[in-house]
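Visitor: Line by line, the protein sequences give chains A and B. Going by my numbering, the first sequence opens with residue 1, and the numbers climb by one from there. Going by my numbering, the second sequence opens with residue 1, and the numbers climb by one from there.
Accuracy of the hints is not assured; some may be wrong.
Pairs of lysine to any residue residues, derived as SDA-like cross-links and limited to a Cα-Cα distance of at most 25 Å, are as follows [what the hints assert, rightly or not]:
id : chain 1 : residue 1 : chain 2 : residue 2
1  : A       : K152      : A       : E114
2  : A       : K173      : A       : L214
3  : A       : K93       : A       : E114
4  : A       : K93       : B       : L105
5  : A       : K115      : B       : S123
6  : B       : K146      : A       : F112
7  : B       : K146      : A       : V91
In case anyone wonders, no lab produced these hints; they're calculated from the structure.
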Amino acid sequence: MSEFIAESIESKNALNMATLAAALPVQILIFGEIGTGKKALARKISPNALLFDAQKLQKLMLNNSINFNDDKNSTFIINDIDKINNIRQFVEKLEANYIKIVATASSEKDSFSEKFAVRIDIEPLAKRNADAKVLSKYYLKEANKLFNTDIKIDDIKVDMSRNSISLKESIYKCVVFESLNLEQVQTLLENFLLKEMDKKSDYKDLLQIFETPLIKASRIKYKSQLQMAQKLNINRNTLRKKINQYGLGD
Amino acid sequence: MQKLNEKFLEDDLNPFIIFNSSGKLLQYNLEAEYLLSFVSPKELYELAVNHASQSFGTKVSQISLRFDRYAFCALLVGYLDDDIIGIRLYKEMKNSTLKIKKDNLTIVNIFTLIQLSKNSVLSNNKQKTSESFDPTIPEMKLNVEKFLKLLNRVFEEYLNSKEMDIRVSLKIGRNMLIEGKSYSLCNITIQDGEPNRQLNDTIHTLANEANVIVIIKNGKVIIEFPIIT
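Here chain A stands alone, though its shape is the one from the complex (with noise of 0.2 Å):
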């Protein structure tokens, strides 16, 4: 999604910065971690601005690859700031070329923020709920879509801990699995084990893959340990020490 959803408090703050910031004479520093829309607040600050890679533009500049003559009083969009050495040259270089700088970055050295006027901090996924709901159905719903399914938001597990992208990541994941029949889970299993072979071929070793995913659903299905032996059709004691042997214990 290239939009940058503006739905919680703390993004519409960061848009209303951007939109005050864009129309001055400024260079602006987008500040968040991975996956929290920085690319896309700075579009909305500069739609037709060239878009570089810090590290990139850097080579360029070094190499005197790049010729600033036509590019003066435009604007650049420049990511992963952080990434590279001597931020403060580099930020002074553009300024000489009367380069307008809208730059990202997710960690702070040196103390370059300072070279920037304005500095908009996006804040982690986590902490923006309407947020985080909004892209949630977005990519469900495309997933939907993708694979012919119908999963509902509440049976499914997001994971923000890299924002955006483990947030889609987790929705098409879960999608996938839900969506395969017998057969495909069975062609799944056949390359993993295809691929598993390569490190260990011991039978016993193998059936851990088959049997650790048996117990978990049993587990959820039928509560206690003599319940799962006697529908598994097991002998309690060899379900115990197998539940102890895969680590699956309480």
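Starting from the known structure of chain A, fit chain B onto it as the hints suggest.
Guide: Here is chain B on its own, set in the frame of chain A:
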């Protein structure tokens, strides 16, 4: 000869004051008269006594001092008997004049800049902020980049404040003469109740670059600048 000495002292750009032994003002020049509207005679008398030579004579002290908008870089204190003591304060001239570099000026709304700067620096802070903005202040020409950097640096001073008050007003009754033209003045006053707030030199350097004056008065930080429309 005596008259010429007196005339020189009277017209000197540096304040000159003579006190009696109990700290009463005996004589002062025009510049001192102006300085005395910002600082009490008692404070200046104590300054003189604290920097006087050990025995009769004069002593120069290199000292950085700030009273309101005035910055001084040295003091000359002298006394020839126990009855009177004189002090002359040497101005740091670069801080007391304002020159406007006309390039890089953009017409802006001052409230927008304050909002942007406050959000840039204090967005993660939960302090209670009260604001009082005079809506009659017009849009004005400023060096936006430099002005925002100065504001950012000033707001950084308030990162640990529990509450703060921001006021933007026109300075009534005072104008600033720049290159023969008179301009009204705008003030941004920021305070958090801390009476002993000090500002470091970075702020004054940024203020010079942004063509504004930053003064500190009773713990309040006052940013003063001409309204160029």
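Visitor: Could you run down the list of hints and mark each one as holding or not?
Guide: Each hint tested on the structure:
Restraint check: the Cα-Cα separation between K152(A) and E114(A) comes to about 45 Å, which exceeds 25 Å; the hinted pair is violated. A threshold of 25 Å between alpha carbons decides the hint, and for K173(A) with L214(A) the separation of about 20 Å falls inside it, so the pair holds. About 16 Å separates the Cα atoms of K93(A) and E114(A), which keeps this hinted pair within 25 Å; it holds. Under the criterion of a C-alpha separation no larger than 25 Å, the hint pairing K93(A) with L105(B) is consistent with the structure, at around 21 Å.
In summary, the hint linking K115(A) to S123(B) is supported, as the alpha carbons are separated by about 18 Å, within the 25 Å threshold. For a cut-off of 25 Å, the pair hint linking K146(B) to F112(A) stands: about 16 Å separates their Cα positions. Restraint check: the Cα-Cα separation between K146(B) and V91(A) comes to about 15 Å, which is no more than 25 Å; the hinted pair holds.
In this structure, only the earlier hint numbered 1 is contradicted, and the remaining ones agree with it.
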